[in-house]
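Here the protein sequences line up with chains C and Z, keeping their order.
Take any residue in the first sequence, note its place counting from 1, add 841, and you have its number in our numbering.
Take any residue in the second sequence, note its place counting from 1, add 25, and you have its number in our numbering.
Mixed in with the good hints, there may be bad ones.
Not the full set, but computed from the structure, chain Z residues with beta-carbon under 8 Å of chain C [said to hold, decoys possible]:
{"id": "1", "residue": "181"}
{"id": "2", "residue": "243"}
{"id": "3", "residue": "364"}
{"id": "4", "residue": "463"}
Worth flagging that the hints you see were computed from the coordinates, not collected in a lab.
Note that this is a predicted model, so its numbers are computed, not measured.
We put the beta carbon where it would ideally sit given N, CA and C, even for glycine.
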Amino acid sequence: MPITEACYLANRYGLDTISLGGTLASFFDLYETLTLRRGSLTRQEEQLFHDLEAFVELYGEPGFGKPDLLVPLTHLIGRNTGIGKYLAHGSCRFCERYGHPELSMSVKKLDLPAYDPRTSYTQALSYEMSNRGGCHLEGGYTAPYAYCAGYAEWPAHRVEGTPLISKNATLKNTALDIIGACAYSSFSLGLDEYAALINAVTGKKHNSGTLERVSNLLCGFSESDDWLPPRFYEEVIHTRDGDVICDRETFGRMHREYYTSVGWDEHGRPTPETLREPEIADLVPGGAGWTTTRGPPTTSRR
Amino acid sequence: MDDNARTTDNIPSVTDAIFQRLRRVGTAIGRVNGNNTHSGNLSIRDIHDPDLFYVTATGSQCGLRIERDIVPVRFSEVTWGDARGSTESAIHRSILSLPGVSAAIHTHYLNAAFLSFDTKEKPLFLQYLGMDAKGHDEYLFHPVDLYGAFAVGGVMFGSYFQSVGSAEMEERIPHYLTKNLATVVARHGPFVRGTSPEAALASLSILDHSASLAMHLRRHGVDVVGLQKEILRRGVEDFFPARPSLRSEERPTVCESTDRTILEDFQSRLIFNDDNAIGAYGTGSMSQKISAREMIYAPSSAIPENFPFSLYRVTLDFAGNDTIDIRMHKLIYQHTNQNACMITTSPRATAEGMTILAQEYGAGVLLGEQIDIPYELKNHPALLPIDAEAIYLNPKLGLVDMTQLTNFTATNPILNMLRWHKGCFVVAGYGVISTGQTTLEQAAHNASSAERIAQFRTEAFLNERILGCPTVESFEPR
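Excised from the complex, chain C in its bound form (with noise of 0.2 Å):
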């Protein structure tokens, strides 16, 4: 009852339930994991607790298995107060507000959806490769390929053609957001309806997806922000398969193989003639000339 209620209040206030779900439990696990070490913690880390007093109070200790808290952490983050304050920004920033952004599970600061990215290698690159962030809308819904996809069955930890998969599930979902149709259309209707549904209307040949990603590279964002956190590549999980992860270095290569299958170069940075096709070279300052690139993140600072 808890989260049914927690995810009535959530559509009220305007929340996503995906991203108020993930911050919460990025809350949790930061509570835990400093509990253990009280006593030992930074300023930055002890922070938390000062901001916490009130809540405790009122509520007790925060962590996993208390659904309790469900209803009352929403209320908070709805009406912005407390330290629902500081939740409401995402757990990226509230991680970063107590010097843990590990903690957080997103990409390019979006909570992940429900979706293990180790159990299912083309739902971590969507993950990864999504302009929008962790999203598994935008970026291609690809879990179900590994499970319950019929015939469309991709094997979940293939990693010849990965790359291709995610990137056509990309495309599939950029052109839904687009043309705003419903997202369970996609398990009866292919690229080339959609495509021929947007071309009808607008008479051209699109490319939102690399025009996506001009606008993330114009701000700031990198080939470095394409990465899962870093727990995905270090802890196993266990499953009825066995224990699985993500590689690094294979995902490394999977990014490459993305890269140039929708015509970016090496570091994520679409070429000059995948710029010049969807005639929007001229949004990026010297035409293709990209020239700062960040690298791939570091391990985990847990």
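Once you've looked at the hints, dock chain Z against the given chain C.
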């Protein structure tokens, strides 16, 4: 050494390798209903002893069960135990005596046998050539599809006074096989020679698919005999726009993918297509695109279970030595978002497609003539399903003429056919090209669906003509 001792010593044991090999081929024939449970016979030369061959035992089960189901027989003499060999062992002996022949197979593949009910009074599928010196009618069949025309070529159909294990068969079948890979005993079944049992099996399989195509075309009113005559007049090289990629005995089996799931994926599709006669053994192709530059490519879309097959890692750029099949895969990957592709002989779907093209644009479209066919979104040839499942999944199959097989530009209408028709269409005289945006399984689904679409239409068509039932068109979606 007395005679008795000599003949006993003369009988070598059948090696496990030969037994397993013939068993595998026999099983493959059984899985496509090429024989009833116990009919047909196979033979193979001994690679070490030029005087020895092995033939399946009379009455042995198709697919063999025990080693005694294979009988060693000498070319030079009759020895103890020869009687266990097939009643047609003598015919095999004669075939295997031909230069370069190492294996022979006799089966009762249905489509090839169906064609042989032709009569000189009304030749439907075969060219009537006249009678030989002893009064036997002789007919010629030439496949009208690309794979059949190049892989099998002309096939003599002979009539016999005694058409099972007879002396006249022993005389005439090797004679026919001197020139051709296969011959069909009228109202009985084909005999095929090969450099190996697998090569002979491939010829049989392709012949049967070509026969199925010809039979369905003729039933729909296409002048198949006229088509064959035109192919023979111009020669296959001139008639067809390109050579297909064919199975090669010389190429070693290789696997250039290290991913076990990819190997298993290809294997299951290859076996399914062979078992269900969606593709003829050793023909067609299938691939999975694995990056913006490469695909994993199998130079066949149908392989019997337990047969070896190769997977190659192939670049997507056109190369000078590309086969037509490889170029088709590359063209599709260069210009669409498809990630898997399959080309199958699909005789029923191909026949339906060719029929519609001929009906709408004239017989010249099947002769490779330059016909102005509109390939526009709202005006292009298409094959409509009549069964609910297909109407739901593949509301239409696009159709293109054979000349498109040499168009390797972005203007090739096959690219739009894939876009407009959920990744599946028919190429006249070639087969079905099907694709998947994600998996090879999607392409396989399209290929199997296409063949079933045609089968539903065929059955409805026969009901219409024989029983006066409603027309096929009346069942088409509006």
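Structure-based check of all given hints:
1. 181: For residue 181/Z, the interface hint is violated, since the closest Cβ of chain C sits about 43 Å away, which is over 8 Å.
2. 243: 34 Å, violated
3. 364: 5 Å, holds
4. 463: Check passed: Cβ of residue 463/Z comes within 5 Å of chain C, closer than 8 Å.
Figure legend: structure checked against the earlier numbered hints; hints not met, in rising order: 1 and 2.
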